[in-house]
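Visitor: Chain residues, written in single-letter form:
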Amino acid sequence: MAELSLRDVRAGYGETVVLEDIAFELPERGALAVLGRNGVGKTTLLATIMGHTTFHAGSIEYQGKPIAGLPVYERCRLGVGLVPQTRDIFPSLSVEENLTVATRPGRWTLARVYDLFPKLAERRGHWGNQISGGEQQMLAIGRALMGNPTLLLMDEPLEGLAPIIVEVLLQALQRLINEDSLAVVLVEQHAKVALGVTQSALVLNRGRIAYSGPSADLLADPQRLTTLVVA
Amino acid sequence: MSAAALETRGLCKSFGALTVADDINFRLETGARHALIGPNGAGKTTFVNMLTGALPPSSGRIVLGGEDITAMGQAKRVKRGLGRTFQINALFRRLAVIDNVALAVAERRGVARRMLRAASTHADVCAESMDLLATLGLAEDASVRIVDLPYGKQRLVEIAIALGLKPRVLLLDEPAAGVPSLESHRILQVLDNLPKHIAILIIEHDMDLVFRFARRITVMVQGEVLVEGPPEEIAKDRRVHQVYLGEQHHG
Amino acid sequence: MEAFFASLVSVAFHGAALGMILYVISVGLSVTMGLMGFANLAHGVFAMAGGYVLTTAISRFGVPFPLALVLAFAFVAAASVVLERLLYSRLYAASDLEQVLFTIGLIFIAVAVARFIYGTLQQPVALPDYLKGQFPLLGRDFPAYRVFIIVFSAVMVALLWFGVERTRWGAMVRATVDNRAMAQSVGINTKRLFTLTFALGSGLAGLGGGLGAEIIAIQPSYPFENLVYFLVVVSVGGLGSLRGPFVAALLIGIADTACKYWLPQYGAFPIYVATIAILLWRPSGLFGRHA
Amino acid sequence: MSAHAGGYSADPRIRWIESLPWIVAIVAFFALPEYLSLGARILIYILYALSLDLIVGYAGIITLGHSAYFGLGAYVAGILAAKAGIGDPVVQLGAASVLLEIANKATTLTGGADGLSGVVVAPILGLFRFDIFGKTAYLYCLLVLLLGWWLVRKMIYSPFGTSLTGVRENSLRMHAIGAPVYWRLVLVYTLSATIAGAAGGLITQTNQFVGLNVLSFESAGELLVMLILGGVGRIYGAFVGPVVYLIAQDFLAKQFPEYWYFGIGTMLVLVVMFARGGILGILDGALVKLRGRP
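Chains as they are written, first to last, in this note's numbering: chain A, 5 to 235; chain B, 840 to 1090; chain C, 7 to 297; chain D, 39 to 332.
Rather than coming from a laboratory, the hints here were simulated on the basis of the structure. Treat the hints with care, since some could be wrong.
Claimed, not checked - Think about it this way: if two alpha-carbon atoms lie no more than 30 Å apart in a straight line, the pair counts; the simulated DSSO-like pairs of lysine-lysine are:
#, chain 1, residue 1, chain 2, residue 2
1, B, 918, B, 1035
2, A, 69, C, 197
3, B, 1035, B, 1005
4, A, 196, B, 1075
5, B, 915, D, 173
6, B, 918, B, 1005
7, D, 192, B, 1005
8, D, 292, D, 173
9, D, 173, D, 192
10, C, 266, C, 138
11, A, 196, A, 123
12, B, 1075, B, 1005
13, B, 1035, B, 1075
14, D, 192, B, 918
Chain A with its partners taken away, still in its complex shape (with noise of 0.2 Å):
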């Protein structure tokens, strides 16, 4: 059973339609990357599995169940997870209240998220405005992470910090994906990261599918790549 089906969905705001024919299937630990140029729908897209958009048509099956009609907080208590582009990190908690305040029973604990990412151990009792943009990244992971998520929806997790974080999020990241049982969508600015580190990639333009297939073929064509993605 694939851990996520969409079938022809169609969906924005409203009334403003962002998305339209996307279909595609993750299998179980699978890992998806996300591509396109900024402005195509890749958040949509992550918006609308977690469902946030207005869902217009089509369908989602997570794990076999179709979850487009079922309320956003249902979705998460279901195993799905989301670590947002702007990170979303709640001020007025602390670094701990952030991670606690999501917790749902698994394998994911405080502990292990401190044991993934020391910083926040460290930064534990900082209000969430009080912490860098690398810190604020790791803290909206290990929140997503709390929840014990079997798919996790991850929003450009690399953009805009510094090169040593995104080495140690990278790190994080490649041991998510192999050693964890998770199965991952990732929406990356960063296109050759991207693939490097998924299975299969999706590449959007104007709200439709352009490329769906394996990412080895596209790392291996940067011509294509360079079609799809620039111009």
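Starting from the known structure of chain A, fit chains B, C and D onto it as the hints suggest.
Guide: Chains B, C and D in isolation, oriented as in the chain A frame:
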């Protein structure tokens, strides 16, 4: 060098320690077809907001047709010929299409404050608004309320309102955003037929549209102008590829 | 000099008691307005209901005072859950105008029901003997009931702050006030949280209404007459804040008492002027979240 | 369309049905002489509601401070409320309360809480005395209302009125088309306050008594209720609402005050829940159904 339609000199904007626009020197020629592109967070929106007067710059100057408008309010800039459209429809939703456009026309003609004669007896305003709608192919929808209008046509009304201001400079903020792809050709048509004397700056993600429409492209990255040139050059530029493919910069 | 000092102490004391009551009543309004963005003008109805529950329980059914306080809280909280699910929840997305009208409508209904059941007369509060009389403190005598109000409210406030700032439930509430969409994304059922928070806020209003029945008279026009006070506390304190309204309520309680004591000829005038000045200066209140 | 929205495509001519209120008013004058003082009160409240409709229905701003203008319809207050009141009913409420307090304390001027009696009204134009049956008062109010209605109606159909609905629909865009939104609002507040002030003046003149309650929050709330009941943003909602409300109040409130409050509260809740257009909105809906349109 003759005066540009719109020009910025050393424009900067920072929020605290965060710099979102850094020394932007930008020139929009009279009658230009110019595009502004760049990845998310490049500072395009900040730049546009400074141009329209929604956001005051930290330093630098904005010059419209030779006149310094840096300290001018939004409404005054509009009167000087600076029009804009919005990325997300900003329409008068429960008013008819004609009223949406006529509000702008009346404002420009300076009759919007009058209260003794009925609006519909201002024949000049009505006629001009109808003409404008006709050129955009919206004449039949004149009395339809925006809420009852298909989204694609709403995007056209967005442009019609801006044109009602008879701008010398028009800023188009993602004119085709949110339109199903089958309907977007109509918007391209309209853009192609815009009056030649208006200098147009388009902010757009859709590269097909950008390369078809623009004769000059500016690429912004992290609050700075990365490169500027004609489309052929931009398409070949290695730095642009890097920005969009996310190859790590080394040195 | 000694006389002035005595009156100063007296004003501060009575003002603090009034302020505490205002806070216990208004804090729920601050949270629900900040959390749900609902302009609930009918909040005073809950306080009035608490007052009626308390006075009725004591005078008609002989319920002991502490139990009557619990009843005031529980009854109002339960009733508010029904109201929230049945009516309020349908108007979360409605315009301010509609919310204002709807809650004014609720006030009218509540006023009518109160008049029908209790008539227009003010409800007397039968205090137990141990809360009557004077309480000696630092060589002065203070009315025992006011001392009780201050101490009891302080305990409630401490409990509330602990709950909101130290428990997971509190973290969930704060997360939802911060960013509702993200709160849903981490699995918080914000709808249910709204209902519970609303019930808690209303219950506290009921408790405050009962507790303060001796200071703010329980009679049918209560929700109209005291609305301005509750709104001032919330708007001066800042929506969605917990501490802001506390400071505002104490300020207003003391200022109101002081004005009535020293400047009776000006009535509530100075308070209103100060409120307008503060709101013109800081439109989102002294401790507002969105400046 | 019976909702009077104005606009550049709207026909500003007066339709035959719009003479209905005036015919009713004149018929009432001859047919119900014993109710003329109630009638005059209704006419005044229609004018008052009309002034509120300009702000709430057309400019789209909620105000609970309108009774301040009813009491003291003044230009200065117009600027204050436009500046302080946008989006914040509490400040307006405060403004109204301040005026209430001023009136309350300025005892020598207003009579304080006891009200100001002994207002002597000179004959209108030195000719028509206010008679005890209120005939003059009624016709005088009708005349002032006619004038107010004519002004408001003209304004709503004018470019200014259209730009007000523009502010209501999207004030951000109004800025972007170069409209001085703030001054438009000051202007409409001023106009509205003037009309409300005129209505307040009429109350004083016809009652020959001013009570502090004209300034109170309840009075502002009550007016809002009347307007909503009739229907917001459609001119004639301001006619229907006060007629229904005040007549019902006159018959019910005196005998059964609690039922009256209960009824009006329930009505408000129902209107908000099920009939957001008010009575005229319901009629509109019914007409559309009758004509068999979708």
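Visitor: Hint by hint, which ones does the structure fall short of?
Guide: Per hint list: 5, 12 violated.
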